[in-house]
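Trainee: Sequence:
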Amino acid sequence: MELRHIRYFAAVAEEGSISAASTRVRIAQSALSARIATLERELGTKLFARHGRGTTLTPAGRLFHKHAQRILSEVDAARHAVRTIMGASSGEVVLGLPSTIAMLLTVPIIELVRERLPGVDLRIVDGMNGDILAWLAEGRLDVAVIYLTGKRGDGRTIPLVDDDLYLIGRETPLTRGRKHIAFADLASLPLVHTSVAHAGRILLDRVARRAGIALTYASEVDSLAQLKTLVLRGHGHTVLPMIALGDARSDPRIRAVRIVEPSLQLRCSLAFTARRKASRAARDAAALVPVVVERLLRQRRWHGGRRAGAGT
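In terms of our numbering, the sequence shown opens at residue 176 and continues consecutively.
Careful: at least some of the hints might be erroneous.
Cβ pair distances, simulated, as ranges [said to hold, decoys possible]:
#1 E346 with E313: 41 to 51 Å
#2 A312 with L218: 25 to 35 Å
#3 R245 with A393: 11 to 21 Å
#4 A209 with A362: 51 to 61 Å
#5 E313 with V435: 43 to 53 Å
Worth flagging that the hints you see were computed from the coordinates, not collected in a lab.
Glycine included, C-beta positions come from ideal geometry on N, C-alpha and C.
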């Protein structure tokens, strides 16, 4: 059993199809299918059930997937330990996270940095995306996860996740029973959103101008927590990535429908401050952010998001 076969298996398990997994691991579909067949012969059992929509894990496959995740995690940890054996990173690193994703990323990033970079003092600051961008530009942050309104960075950003945007609020006749809503329909709803300093609002207004649509903002609040409270109390709808809902995602009062025609996405990226050269500690801590993000995507905990550039 080769390590690459385990990686290929994990990719198929997590993507749910041979075609998507082949793109992720960058080998031909036929070659990937052959590797999976080899692994199944070695284990003496089928790991996947094939069907028209892709693949699903068999009971044996689910069991093997749990072991595969642990194996791959240990290999990644061993590789990192060997790479840093000649000198450990040390010093303070200030990482900025948008409130939208801070609740999901903060704890696993801190835990991974403590495990792999014990000499690094990681300080995390969260805030609205526009504030994070400003603090990064001012040099108050060493590195940050930021939302961009387009898929083209400035050469200093590392793409992480493409987040679909959803109309979120109390159920109305317009949203009842629907999974998608056309952007033009947003004109008929009162919206509660951030001010124009933040990525989501910038994108909404840009698309509305291009489409000749007038959006109505009943309230402007630069606070994710208060936006969600207003929506929960029925004071309008907001437009956010699904991940921003957090625990409110399961609230029966809330309905989230994906915006289409056009579909809207924000790109979540990693960026360093341009005010100074990144320290080794900052580079090493930043390198762990994509590791955490990849784990969350594999575990399907980044709701409404997908790997940057992976398509819909």
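Trainee: Does each hint fit the structure? Answer for all of them.
Mentor: For each hint, the structure was consulted:
In this structure, E346 and E313 meet the distance hint of 41 to 51 Å, their C-beta atoms being roughly 42 Å apart. The given range of 25 to 35 Å is broken by A312 and L218, whose C-beta atoms sit roughly 52 Å from each other. Under the hint 11 to 21 Å, the C-beta atoms of R245 and A393, about 49 Å apart, miss the expected range. Between A209 and A362 the beta carbons are some 52 Å apart, a value that agrees with the proposed interval 51 to 61 Å.
The supplied range of 43 to 53 Å is broken by E313 and V435, whose beta-carbon atoms lie about 37 Å from each other.
Checked against the numbered hints given earlier, this structure breaks hints 2, 3, 5; the rest are met.
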